[in-house]
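Letter by letter, the chains look like this.
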Amino acid sequence: MRYIDEYRDARIARQLAKEISQRTTQPWVLMEICGGQTHTIMRYGLDELLPKHIELVHGPGCPVCVTPLETIDRAIALALRPEVILVSYGDMLRVPGSSSDLFLAKAQGGDVRIAYSPLEAVKIARANPDRKVVFLAIGFETTAPPNAMAAWQAKREGLSNFSMLVSHVLVPPAIRALMVSPQNRVQGFIAPGHVCTVMGFQEYESLTRDFKVPIVVGGFEPVDILQSVLMLVEQLEGHQARVENQYVRSVSYAGNLPAQRVMEEVFEIADQKWRGIGPIPRSGLRLREEYASFDASKVFDLQLITADEPAECISAQVLQGLRKPTDCPAFGMRCTPENPLGAPMVSSEGACAAYYHYRRHAAAD
Amino acid sequence: MGDALKTIAEISCPAPLPAKDAILLGHGSGGKLSAELVRDLFLPAFFNPALSRLDDQAIVNVNGTRIAMTTDSFVVKPLFFPGGDIGSLAVHGTVNDLAMGGATPLFLSAAFIIEEGLPMDTLQRVVASLRQAADAAGIAIITGDTKVVEKGSGDGIFINTTGIGIVPDGLELSANRARQGDKVLLSGSIGDHGIAILAQREGLEFETTIQSDSVALHGLVADMLRVTHDLRCMRDPTRGGLSSTLNEIAEQSHVGMELVESAIPIREEVRGACELLGLDPLYVANEGKLVAIVPADVAERVLTAMRQNPLGEHAQIIGTVTAGSPGLVTMRTPLGTTRVVDMLAGDQLPRIC
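Sequences listed follow chains A and B, in order. Reading the first sequence from the start, the letters are residues 15 to 379 in the working numbering. Reading the second sequence from the start, the letters are residues 2 to 354 in the working numbering.
So that you can see chain A by itself, here it is in the shape it has in the complex (with noise of 0.2 Å):
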């Protein structure tokens, strides 16, 4: 398959990691942000052909992973009304809430239903004026443009009937809480090449700058995420620290400037919570105050739908690096893709299911 093998290549795979072990001199903790690049180094094993001193941590970017439990329950409760229709990107199904999960609310009589775009979600609510059609609108910078544009577009079309569940998250600003954490080991970031697609990557500057981190913007294939650590360990080798472009083929400075535009013109940045990390001051998006109309958490009347996360699992130092998901007691064992007890498990690009799903046996071992 064109523009895909050329990146699966086994010679120049091997090329990259020898160069790699060729430059590294000291160990080094980097951080792949996106849990596509997470599933990409477990699926093919890349951590086997990195030298010992590069240790890879997986971050928080994993879309599924990080949607508050409140905003699950709220989607839940949502999905249970009889007028309503809840539409979803498929992999939220399956993540619990407190008590139930989205697939439970659909078995129980709940109008659940799949989306592969948000704009299907439009065209379901035009089919159904009767019903109330809610999107789960959640995801990165990847998935705001489109979001922003199913909402553009109902507004537009003066649907009255439609509305998003919103739970965005940035970026950047999550990186910069990893980094001033006094107990960051982080020394090098690839940064996720969707969302840069999306925004370019002027705004890492900043961190680059107040925090002396190189940062390389990967893509998601075994030679992209190679070539994003060498460019890594040539940049700490050499005691640099500044952003470059690994994923070119996508990835320009300043991004996609209409999809920006739309997302600017739907959404403002607010706070926001992560799962399995909490809070993060501006790293969020809220649709604005003239689309209040298709914000579902005003629309319907969801505030004493709350739920804080009971301590249990120790994704909390899987996120930020300080463990591996297999130094977790309960990995594998009470924690396992069908009965998740953190979040990292939830998603097949969560850092715990994606070693649960192709790592068990170096586990075993």
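A few of these clues could be false.
[What the hints assert, rightly or not] Simulated restraints on C-beta separations: (1) Gly171/B to Asp341/A: 47 to 55 Å; (2) Glu20/A to Asp231/B: 51 to 59 Å; (3) Arg95/A to Pro50/B: 32 to 40 Å; (4) Arg40/B to Leu271/A: 50 to 58 Å; (5) Thr305/B to Ile26/A: 32 to 40 Å; (6) Glu304/A to Gly337/B: 52 to 60 Å.
Think of the hints as simulated: they come from the structure by calculation, not from any bench. If you're wondering where the values come from, they're calculated on a predicted model, not measured in any experiment. Where is the CB? At the ideal position from N, CA and C, for every residue including glycine.
With chain A fixed as given, assemble chain B onto it according to the hints.
For chain B alone, kept in the frame of chain A given last:
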């Protein structure tokens, strides 16, 4: 920011959900939830030696004749898809479940649960397709049943078929017979059926139409058995895909398995569709493929026989049975690293990004 840091240091996780108290769609996906249902509910309720083999078919001895029996219900949406329809599928699925036990399929039953309001023309097309598929497979539909449910209580049409066949003496194929050193053979490309259905259902269009591989496999099985009866087991990797089937065999035989990723045939268009949808073809359903666990000394000869049949022309040896961690299936990636090939909990879900 101070508060944020404090919270980060005290991170927390949700409590586990209670045991499932309602049936979920995932219970029918052929993955872990389905297996739990069989293990915890059906098997204890109906326990007997024929059932407890948990193969695709039961084999019982009646007056010296080894009779294979199997049943399957078909609830596919859409009813008609490129490469087949619910009618042909209802024949192929059941014939294949018989064939995987080495049985020669003889008779089928067909029971229809029809939703009120289904156009007569649709039913006629489905019935004609059933007839055609049965004729092609050389099998007769000798009994049946019809029920009609109120509009909204069904989804157009559901079909159940039960099949009966005869197994030759001395032939023992079962998922608990895989042994260290055996080879894992796959009859052709994976993922075609699942992706054809998904593409049709979601209105996804690709440069070429992806066709379901739905087909009766008993002819291919007969060709393989002509080489030797010394095969360990055969399975058709339907729901849950290749990975679920191999995990089941590894678990029931208490062996490990190591696959070679580059040996597994996948069509370019199926790979492309899976990339686009974020799906792993190892978990996508097939309706015209089989995997066989074969002793190493006959593997090449069986492979040659498979390749001489058009239904097995792309057959490959895709892995080896190992003594490693029992029940664990691993795979050598093209990069020379190793990963686990897990069984899914429920249906594969499209990812957000």
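Hints and how they fare:
1. Remark: the range hint 47 to 55 Å for Gly171/B to Asp341/A is upheld by a beta-carbon distance near 52 Å.
2. Here the CB-CB span from Glu20/A to Asp231/B is close to 44 Å, at odds with the stated 51 to 59 Å.
3. In this structure, Arg95/A and Pro50/B break the distance hint of 32 to 40 Å, their C-beta atoms being roughly 50 Å apart.
4. The hint said 50 to 58 Å for the Cβ distance between Arg40/B and Leu271/A, and at roughly 55 Å that hint holds.
5. About 35 Å separates the C-beta atoms of Thr305/B and Ile26/A, a value consistent with the hinted range of 32 to 40 Å.
6. Hint check: Glu304/A to Gly337/B, Cβ distance near 55 Å, so the stated range 52 to 60 Å holds.
The structure is inconsistent with the numbered hints 2 and 3, although it conforms to all the rest.
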